[in-house]
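Engineer: Sequences and hints are given; from them, build the entire structure.
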Amino acid sequence: MPDTKWTLSADRFFDPDPAQRAVARELYATVADLPLVCPHGHVNPRLFVDENASFGSPADLLIIPDHYVFRMLYSQGVPLEALGVPRTDGGPVEQDHRKIWQTFAEHFHLFRGTPSGIWLQQELIEVFGVEEKLCGENAQAIYDHIAAQLASPAFSPRRMFERFNIEVLCTTDAASDSLQDHQAIRDSDWSGVVLPTFRPDAVVNLDTPNWRAHVDALGAAVGFEVDSYSALIRALEARRAFFVEMGARATDHAALTAYTGELMPHEADAIFRRALKGAATAEDATRFTGHMLMEMARMSIEDGLVMQLHVGSFRNHNRAIFERFGPDKGCDIPTASEFTHNLRPLLAKYGNDPRLTLILFTLDEDTYSRELATLAGHYPALKLGPPWWFHDSLAGMRRYFDRIMETAGLYNTTGFNDDTRAFPSIPARHDVWRRAGANWVAGLVVRHIVDMDDAREMVLDLAYRLAKRAYKL
Amino acid sequence: MPDTKWTLSADRFFDPDPAQRAVARELYATVADLPLVCPHGHVNPRLFVDENASFGSPADLLIIPDHYVFRMLYSQGVPLEALGVPRTDGGPVEQDHRKIWQTFAEHFHLFRGTPSGIWLQQELIEVFGVEEKLCGENAQAIYDHIAAQLASPAFSPRRMFERFNIEVLCTTDAASDSLQDHQAIRDSDWSGVVLPTFRPDAVVNLDTPNWRAHVDALGAAVGFEVDSYSALIRALEARRAFFVEMGARATDHAALTAYTGELMPHEADAIFRRALKGAATAEDATRFTGHMLMEMARMSIEDGLVMQLHVGSFRNHNRAIFERFGPDKGCDIPTASEFTHNLRPLLAKYGNDPRLTLILFTLDEDTYSRELATLAGHYPALKLGPPWWFHDSLAGMRRYFDRIMETAGLYNTTGFNDDTRAFPSIPARHDVWRRAGANWVAGLVVRHIVDMDDAREMVLDLAYRLAKRAYKL
Amino acid sequence: MPDTKWTLSADRFFDPDPAQRAVARELYATVADLPLVCPHGHVNPRLFVDENASFGSPADLLIIPDHYVFRMLYSQGVPLEALGVPRTDGGPVEQDHRKIWQTFAEHFHLFRGTPSGIWLQQELIEVFGVEEKLCGENAQAIYDHIAAQLASPAFSPRRMFERFNIEVLCTTDAASDSLQDHQAIRDSDWSGVVLPTFRPDAVVNLDTPNWRAHVDALGAAVGFEVDSYSALIRALEARRAFFVEMGARATDHAALTAYTGELMPHEADAIFRRALKGAATAEDATRFTGHMLMEMARMSIEDGLVMQLHVGSFRNHNRAIFERFGPDKGCDIPTASEFTHNLRPLLAKYGNDPRLTLILFTLDEDTYSRELATLAGHYPALKLGPPWWFHDSLAGMRRYFDRIMETAGLYNTTGFNDDTRAFPSIPARHDVWRRAGANWVAGLVVRHIVDMDDAREMVLDLAYRLAKRAYKL
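Protein chains in written order, with the numbering used here: chain A, 2 to 474; chain B, 2 to 474; chain C, 2 to 474.
Hints may contain errors.
One copy or any two copies: either way a pair holds, since identical chains are not told apart in the list.
[To be verified] In silico lysine to any residue, SDA-like type, Cα no more than 20 Å apart, as pairs:
(1) Lys6 x Met453
(2) Lys330 x Pro381
(3) Lys469 x Pro36
(4) Lys469 x Asp34
Read the hints as simulated data drawn from the structure, not as lab findings.
Structural biologist: Take a look at the structure:
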């Protein structure tokens, strides 16, 4: 077994310059132990329903459900079957979690210098107390070590939630979701705060696979048939009201582009009816999504839900993988995005209304300084979300701070969210952000751009206050 | 009152590494006190006509006319009315300049880490001797302090011009402008050099609001009716000749895209006549602008005026604000730009002609390394202007140096211009550039990419010589 | 003569921070003297056929054939004729190589801070032992010095190849090339490894100037008339087989866009026949190239040749220069590129096939983090080439590491290639990469992102192993 001790430096991710590092360390110390505010993510609420729930095996926890992890092995020729990723047809995939773990460990060098590598290392060390750098030789011993802990009550989801010092965790839930898991958590005696987020993509994006089934589910949830555009609007309003009642603070919307544009009610209705007949065109879908985003902004003004818009992911780019394994398998690929023209109709109608908070996310970093920072630096309703997905990384954060902050201003951004379904990575992800933020502000301090009084406010804003304020938490 | 002393570090904006900082300091010292060359900006020449002119109140000087400042407060929910920004309908806005100043001071934290914050701090300290960090508590005392100075003869525009050590200040003037203010300055016994710049956008961009009135004004200026394309050309040539006579060195052109393309004279005439009848289409406007840019290049070759082209700003993106307050209210938003195809017709015809100097400005930083640096690194007629508008910031300058210089070469760039209507911010803006430039060159020195002999030449070029040479000043 | 001694610092290109610099130095030392692997370039193989070949005069070697060099002087008004660049019409250009050298030396300051400046300095010092910084005053003395060396047998191409420690040098060769120079090298007793690369652009891009002549040459090479699409496919397969026999490891393809898409055989044939009649449209050319890229991927899977695709250069942008001097004269200008949609057809068909290695190159750095890193981080067949052309520079490499590595992962990249026709610049170019790579990895080490064990592996991968593995060398 290799003798490489695995440790986490107290100075990790800080610039090496001693002056900047000292300031970064000082600033980071003021926010390192603050509670975690998680306003956007994909953790399954069911985990927290049962006091005694378990995360399963190390492979169940860290590999099989995490497309950040298995895409990297797949890109180097490891079949997803070998990693236990379930097939849509139920066909055979590796069932031996020790073998899956071994394959993962033998390819761990692929994560050198990547955010996944950083998160995994920090999780293994801090959450599970792993003391040696993972590799093929020690893979089984480390598997045993983690498995033993996952089997203990102290590693149940609720206990980890508490140990992680999570102040609030928002999930992402379909418009038709019964929110029974959220209800069960509220009904329990557990004090953890887990809130739903309203995500109606499956019904407002007409090109969603199995769209009709989602509309039917929505109808079932509201108790009336969603057979017209006006019924759809009524159903969405009803569901939003229910989500608000259940503690939701926000909605979430994904779209390939940021296109917005209002339809006349009869146009929207005609498109919706074509879709019900399975006859909607691609253009119908684009126009309908663009219209529904405007409707969502209107509803947000009325019911106070913060509106999140994630733009630019070409989903399921690799059709063979999608057909064999389904969505969210590491083959969503960004495309160039445009906001200046596309968002104008929505901003013209609602952008000056202080009751609206519209938080934008992009996968196209070129829009940071060109479009997003300038839009957010003007429209009262607009705020910018943190670096998203592939850009939720040290260099990604550096680019985000560099290209956005001078023009948008810190106070038109919304702090951090981890956006993850990988629950045990949450502390590591927030820690990367807090360190990156402290280091960025320290860079401003040592360049005499801000003083230490301002710097302390800024790191506190980045780490905690901006997210709470933006999401009304 | 808070006890935060406000100071400017002698090392501000330099990298913290001691080796790089020492070199940056040494290089900066060689250019820190050079006269300011201001080849492009928007200061009102009338300020310098009257020996005893005044800038008005602190709010008049620093807030009400400065869209860099009030857009940031607006983005956080402060109505423009509360900042005294005049309405187009003459409706009521805040008239109490002390209240405006108080609102500004209470939101001063919004400028943390922004270029506006840097300029404002440096102006307040260096121009007005403010010694405390501005905040709500000390707002009125600082107002009194500044107001008292603005009332004294030493703070008249001419005295500040002299104190700022401005060698030359170029303004921006409509094609129909009488240049009477420039004439009055020339006729006075004051030695300050204030030169006009010829900006014909209002007549060559057919989609300008009130285009017809601008054409009529042009006709009035030349003494013949501009009722045909050939009359327009004659009028523009006549006005350019007048501007040259009045000391102009350059023209300036704004366009949404860099599209260029020559029309046949009869095509240009047909479009122009349609426009006179109010019947020009959007496509007419695009083609006419593209054609007129080529005509402007031709005229520049003939009369020697340097041609500036600013591309990519979607003006008045927020229609509600435009209607209520007019243009230049912080709601011009950048769009993606394209130069390789769009400029080709112009470059094919004039790009190899050493008599032409065409200086490009972009709001799309993605074009820096992809298109602009490579075009400027080849075509003799092409030069690149400094980082423009939102990118006239420390990080913006770092990206500009990083992405342009290796490929374009320093000598295909044109130094700095402040592009500002905020007169007292001029020294601060040049200082940021000189420091950023010294720091960039110092980074090359400590990495052994250039030696100190070269470095000294380069900072002098950046701070002073490139602008003088490019603009023939 | 100036007394400026010219030296190369052992620490050049490393960050100035002492901690990072020390690590960079240590890492660099482990790879500094490794043999050079050159899997892609444009050196003329004929140079190595004759034991006694010579590079000619200093101007022949360093100026006249190097568009990186003369474009910079041209951009500042020096006519290409004055630099001895041959005209297509055979008209007069400067023949006095001493005068050409003098002009070059007098403009040497234009290369301050550019990669060309770095390469030239290092070549002059390390290859030719020049001890003084080149300038107008010492130009003739340095000319004499270099000319004397070029005349000696120790400076023949073969001796320089050996002294440079080149392990393998791949050339780029037309599909119809006889490879007689390669054969002559193999037949000689010289042990240098020079391998061909199959580049069929001239026959698969229908819009190539003189396309028909290239098709005829291809027919002559295979011994049958290429008069149909199926004949073209057979001819290409035959030539690829011959290249494989001659040691080729790769093909190379240039396209204005990354568009791929399969045609039905009868469609491809119809287009090909239209082209033979000189009647192909621009759309035909686009579709045919897009189809042939897919055919090339198929053939690569069959014959094992690595497939390289270079996208985004608008060739011969300056028509006047093209007509007067021909192609490759410094006027190829990048355009915005798109990969997510364009490559999807090819990736859908072949992207999951581990037998294919498709290496992508871009001139649009915006695609680094948005598209290329995410595609390469998923598809097993896809790898990313090093920063290309204008971006093969220190800042270009920094951006490449910064924007690609976190998402693609180091192991989906392919190390370095020099891509040069300027043979004596090869060691300098590899040295810049090795230093930049060591410095990047050192930056990860001092930020505690990777440990020294990983770091040593990473710099070895960057400098040597990735290129060998990707190109099967």
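Engineer: Tell me, in ascending order, the numbers of any earlier hints that this structure violates.
Structural biologist: none
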